[in-house]
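J.: Letter by letter, the chains look like this.
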Amino acid sequence: EPEVTQTPSHQVTQMGQEVILRCVPISNHLYFYWYRQILGQKVEFLVSFYNNEISEKSEIFDDQFSVERPDGSNFTLKIRSTKLEDSAMYFCASSELGRATDTQYFGPGTRLTVL
Amino acid sequence: GDSVTQMEGPVTLSEEAFLTINCTYTATGYPSLFWYVQYPGEGLQLLLKATKADDKGSNKGFEATYRKETTSFHLEKGSVQVSDSAVYFCALGRRNTDKLIFGTGTRLQVFP
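One line per chain: the protein sequences are A and B, in this order.
Residue numbering for the first sequence follows the numbering used here, beginning at 1 and increasing consecutively.
Residue numbering for the second sequence follows the numbering used here, beginning at 1001 and increasing consecutively.
Bound conformation, chain A alone (with noise of 0.2 Å):
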């Protein structure tokens, strides 16, 4: 069964360095996602990507985050300068079709853990 990958699996990462994120979504779907979870809080809604832009966006989605479909496969979230406060799991999801009545099909997350 089709799934969706994520690249690594726990980050470690010093406050103020990038951190780039990978994810392969699975292949016929054409929207993309990431979420995140705060320890012991609710997953919350980044971003959203659809033909090589954004389509939707949180609050918490400021300017030191980015996504891109760099070729045909990979789907990354980068962050340019980590704060203390982006310590979370991050998980990429994707869909066939958009918005959030479609199933949303999430990958196993990577830990991100800034120091």
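FYI, nobody ran anything at the bench for these hints, they're computed from the structure.
Wrong hints could be hidden among the right ones.
Subject to a maximum C-alpha distance of 25 Å in a straight line, what follows is the list of computed SDA-like cross-link-like pairs (lysine to any residue) [said to hold, decoys possible]:
(1) A:LYS42 x B:GLY1041
(2) A:LYS42 x B:HIS1074
(3) A:LYS78 x B:THR1097
(4) B:LYS1077 x B:LEU1046
(5) A:LYS42 x B:THR1026
(6) B:LYS1068 x B:THR1005
(7) A:LYS42 x B:SER1003
(8) B:LYS1056 x A:ARG99
(9) A:LYS83 x A:THR7
(10) A:LYS78 x A:LEU39
(11) A:LYS83 x B:LYS1056
(12) B:LYS1056 x A:THR103
(13) A:LYS57 x B:GLN1045
(14) A:LYS83 x A:THR113
Derived list of chain A stretches under chain B, where covered just means 3 residues or more per stretch with a C-beta under 8 Å from a C-beta of chain B [to be verified]:
(15) 41-52
(16) 55-68
(17) 89-99
(18) 105-112
Model, not experiment: these values are computed from the prediction.
Here a beta-carbon is modelled for each residue, glycine too, at the ideal position from N, C-alpha and C.
Given chain A, work out where chain B should sit, using these hints.
T.: Quick look at chain B alone, frame taken from chain A:
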């Protein structure tokens, strides 16, 4: 704004016990409602969904009914197994947005 509230965990049950995990939502109109499950070391997997009032979603012995009058979508299973041990997330989605709104998740632990 829209929100989802789940009962706090962990929920600890013996095998073959009846399971209920409560989920209520705050939203106008008729959002779609979802239950996702996260097994250890894995991603969020869709367990079931319902798209309109009185719809019942079901999968793998789990059921949830979309109750507009009580704004609820409680997850139930008649007889849990050890393999059901996981974190369960209730979520809400709308047609006019891409984002899913999640509850905090409820950890279920089933012991033999």
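J.: Would you mind marking each hint as holding or not holding in the structure?
T.: Hints, one by one, checked against the model:
Between the alpha carbons of LYS42 (chain A) and GLY1041 (chain B) the distance comes to roughly 18 Å, so the proposed pair stays at or under 25 Å and holds. In summary, the hint linking LYS42 (chain A) to HIS1074 (chain B) is supported, as the alpha carbons are separated by about 18 Å, within the 25 Å threshold. Straight-line distance between C-alpha atoms of LYS78 (chain A) and THR1097 (chain B) comes to about 23 Å, which keeps the hinted pair within the 25 Å bound. Note on LYS1077 (chain B) and LEU1046 (chain B): the hinted pairing holds, with a Cα-Cα distance of about 16 Å set against a maximum of 25 Å.
Between LYS42 (chain A) and THR1026 (chain B), the direct Cα distance comes to roughly 15 Å. Compliance with the 25 Å bound is thereby established for this hinted pair. Distance check on the hinted pair: LYS1068 (chain B) and THR1005 (chain B) sit about 15 Å apart at the alpha-carbon level, within 25 Å; holds. For the hint pairing LYS42 (chain A) with SER1003 (chain B), the CA-to-CA distance comes to about 11 Å; that is within 25 Å, so the pair holds. Taking the CA atoms of LYS1056 (chain B) and ARG99 (chain A), the gap is about 21 Å. The hint holds against a cut of 25 Å.
Distance hint between LYS83 (chain A) and THR7 (chain A) is fulfilled; the C-alpha atoms sit about 20 Å from each other, no more than 25 Å. A distance of roughly 20 Å separates the Cα atoms of LYS78 (chain A) and LEU39 (chain A); the hinted pair therefore holds under the 25 Å criterion. Distance check on the hinted pair: LYS83 (chain A) and LYS1056 (chain B) sit about 43 Å apart at the alpha-carbon level, beyond 25 Å; violated. Restraint check for LYS1056 (chain B) and THR103 (chain A): the C-alpha separation of about 16 Å stays at or below 25 Å, so the hint holds.
Between LYS57 (chain A) and GLN1045 (chain B) the CA atoms are separated by roughly 23 Å; this keeps the pair inside 25 Å, and the hint holds. Restraint check for LYS83 (chain A) and THR113 (chain A): satisfied, since their Cα atoms lie roughly 10 Å apart, inside the 25 Å limit. Only residues whose C-beta sits within less than 8 Å of a C-beta in chain B count toward coverage, and the region 41-52 of chain A has 6 of them, enough to reach three; the restraint holds. Taking a C-beta to C-beta cut-off of 8 Å, the region 55-68 of chain A contributes 3 residues in contact with chain B, enough for the three needed, and the coverage statement holds.
Coverage of the region 89-99 of chain A by chain B holds. Counting CB-CB distances below 8 Å, 4 residues qualify, and the rule asks for three or more. With a cut-off of 8 Å between beta carbons, the region 105-112 of chain A has 5 residues touching chain B; three or more are needed, and the interface restraint holds.
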